[in-house]
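Starting from the known structure of chain A, arrange chains B and C on it as the hints suggest.
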Amino acid sequence: MSEIEVRNLHFSYTKGQEVLAGITLDLNLRPTAIIGQNGAGKTTFVKLLKGLLKPTEGDIFVKGYNTKEKSVAFLARYMGLVFQNPNDQIFKSKLIDEVMFGPLNIGQDEKTAKRNSLEALDLVGLRNRINENPYDLSLSDRKLVSIASILAMDTDIVVFDEPTIAQDYRGKEKIKDIIRYLKDKGKLVITIIHDMDFVAETFERVIVFNRGKVLLDGDTRFVYSYRDKLRTASLEQPYVMQLAQKLHIGTPLLTVDEFTDWFNKR
Amino acid sequence: MRTLSLYQEGDSIIHKIDPITKIIFVLITILIPIIMGTLNSAFAFLIISLTLVIIAGVIKKVLPIVGFTSIILVTVIIIQGLYYFNNRTPFFAIGTVVFYKEGLLYALEIILRIYSIINSVSLLMFTTKPSDLVEALVKKGLSPRIGYVFSSVLQIIPQMMSTVDTIIDAQRSRGMEVEGSFSRRIRAFIPLIGPAVISSLIDTKERAMALEVRAFNSRYKKTFLNEGTTFKYADVMQVSLISILIISIVLRFVH
Amino acid sequence: MFFMKIITVEHLKYKYPLSDKLALDDISFEIEQGEFIGIIGQNGAGKSTLCQALVGLVPNFYKGSYGGTVLVNGINVSKTEVSEVASHVGLVFQNPFNQITGSKLTVYEEVAFGLENLGLPVEEMKRRIDNVLNLLGLYEFRDKNPFDLSGGQMQRLAIAGIIAMQPEVIVLDEPTSQLDPQGSEEVFRVVQRLSEQGMTIVMAEHKMEKIAAYSDRVMLLHDGKLIDFDIPKKVFSREDIEEYGVITPVYTRICKNLDIKDENGFYPITIDEAHERLEKIL
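Residue numbers (my numbering), protein chains in the order written: chain A, 111 to 376; chain B, 9 to 263; chain C, 11 to 292.
Keep in mind the hints are simulated off the structure, nothing from the lab. No false leads were mixed into what you were given.
To be clear about the criterion: a stretch of chain A counts as covered by chain C if any three or more of its residues have a C-beta under 8 angstroms from a C-beta of chain C, and this derived list gives those stretches:
hint, stretch
1, 143-152
2, 246-254
3, 272-281
4, 300-311
5, 349-357
Yeah, the Cβ is synthetic: ideal placement off N, Cα and C, and Gly gets one too.
With the rest of the complex left out, here is chain A (with noise of 0.2 angstroms):
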């Protein structure tokens, strides 16, 4: 059994615009990443998954749960969502109790909740602040809160909504540290986003959507190497990809580490 199943998803929030038109796909463990324009269906195959909408046609199935049938707080035992703006979801006054609350609705008792909380907190650096008010924090690190408290649930999938938006490099590798950490504990790491040169780096699977459907599935290198098809959906390779090709290099290099190692060998 997959992780997650989606077979023949439609989904439409107005009668005869399907936003979603036929998606059949299984997720592994691999970290995978979910590309593509604004509109080409990504947040809403998130929001599916997570239960938060349900398919108008076909089904998914979550750690072999049918979405359609169980709540989004059962849902939530299975599967923790990390939103893009952390304003969306910081509610309480100090930061342990924030995070702690997602661990204590989902039914972990109060030590449980607290060992993971601060396990969590330990992972995003933010273990030395757990009395502060979230507020008084900084936007990145607001958004290190919002990651601490979806990881404290210690959900076997964990999705990620934009990790890198607004980020900065120290950010951005702090996200790709925890990514890693996450594939290293067994847990399967989805996520939507657009900044393909982190892709590159840090995710093994990538699907490709575009308008409802999946243009693209599979390895990153793979994927990224189709260049025509990834523009058919306004997309383009990652920097260093770019650079390959205009050199006429035949290996699809991903990195500035691959490209140097290539380079180094060649």
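Using the frame of chain A, we list chains B and C on its own:
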């Protein structure tokens, strides 16, 4: 796009009338029946405003409002029919409950007035773009800041509502149960307030700065892109409408 | 050739109310007319604060303690009302949504907002609006509701609303950070076109490849201090640049790893330069 505007596109003669004339019309449909205090005047204004609503082609939009108000107005008939202080002449009885003629007539007058007000206000709201209405008022001396609040609220509230939807989704995603008993729903409300307040404060601050750099508080005398719905007969109509109002006041005192 | 100084900043210091840390710490620089200036630095370095100081929102909107002077086209912005400064220097913010006034029903009317406030005659307004809508590729959307536009279109509309006021300088504070790749590209293209028309542009941005490609000079901020202000090649070739929380363009990192420099000892910063150097070796 979700917007709260009631404006219905159309090219009837009513659509072409300028907002100020329509506002004056609304005022006299409210005032004259009160000043005259007769059933006939209330009836006359209902006929006039209803005719105008039909000409404007918005009757379909007005009927649901009339229908909804009717539910409330039934209680007016019952209360006035039974308890109006001038009740003397029994009109009919259901069992031992007696309805009086005076009360029913008074209820009828109230109902006619309310219906004519609904019609004339609808006429204004359904056939006038909110921005035209506000601009017309600003040109007549309303502060541009207050005008901005009126005209932006129609579009900004729907934006805020969608932020609230996102906040609800964010908390449900953390396992917060929003369905179930009353106390559970109340408890579920708390995690929504903080984020909603904070995000609207942030939005408001950002929008205030964005307005500022577009010279919102400029000391120049403001001009208008839209010269406004220029209606040839605006002056004639406004003068006539006001004259009718004055005549009704005079008539009232003569009697 | 004679270059006119359009912006002069001298010993600018600023502290937000309720804060005990200087957000801008003794910053001085000059910008010439027609230059494209990139501002880089990690979050919290003072990029937004500096952008807002250039139009006078700092200090006039926030209050707080302020020292030094900012002159734009000879106007002392801290001592002038923001609405007055607006016709000399415009500011575009990150979030396209919050820049839509909300009081206008069409794209065309939205652009008019600032012009009405300046009290321009209708004919002049229409001439300018037609002009900027064409320039920013928005003419086909003129009758649409601003909130129905895509992010990239909305941000271009925000720029249109500013450009229509005909400022000499336009400041953009991370204008593409919330947009998808296509929307960002639309905005960058428009900004480049404005630059080619001779407009002075100041842009804070995290996308270093873009900064490297477009900027005449780059300003590196850290902890409210001006660390460096020079041609992009020189700034991106600094050995200590990562200490300021800034990553260099991909092409620079590759060339640095391979120790490929130009005759002046700087690393290539754009795809074309990197391509040219690497091609010779391959």
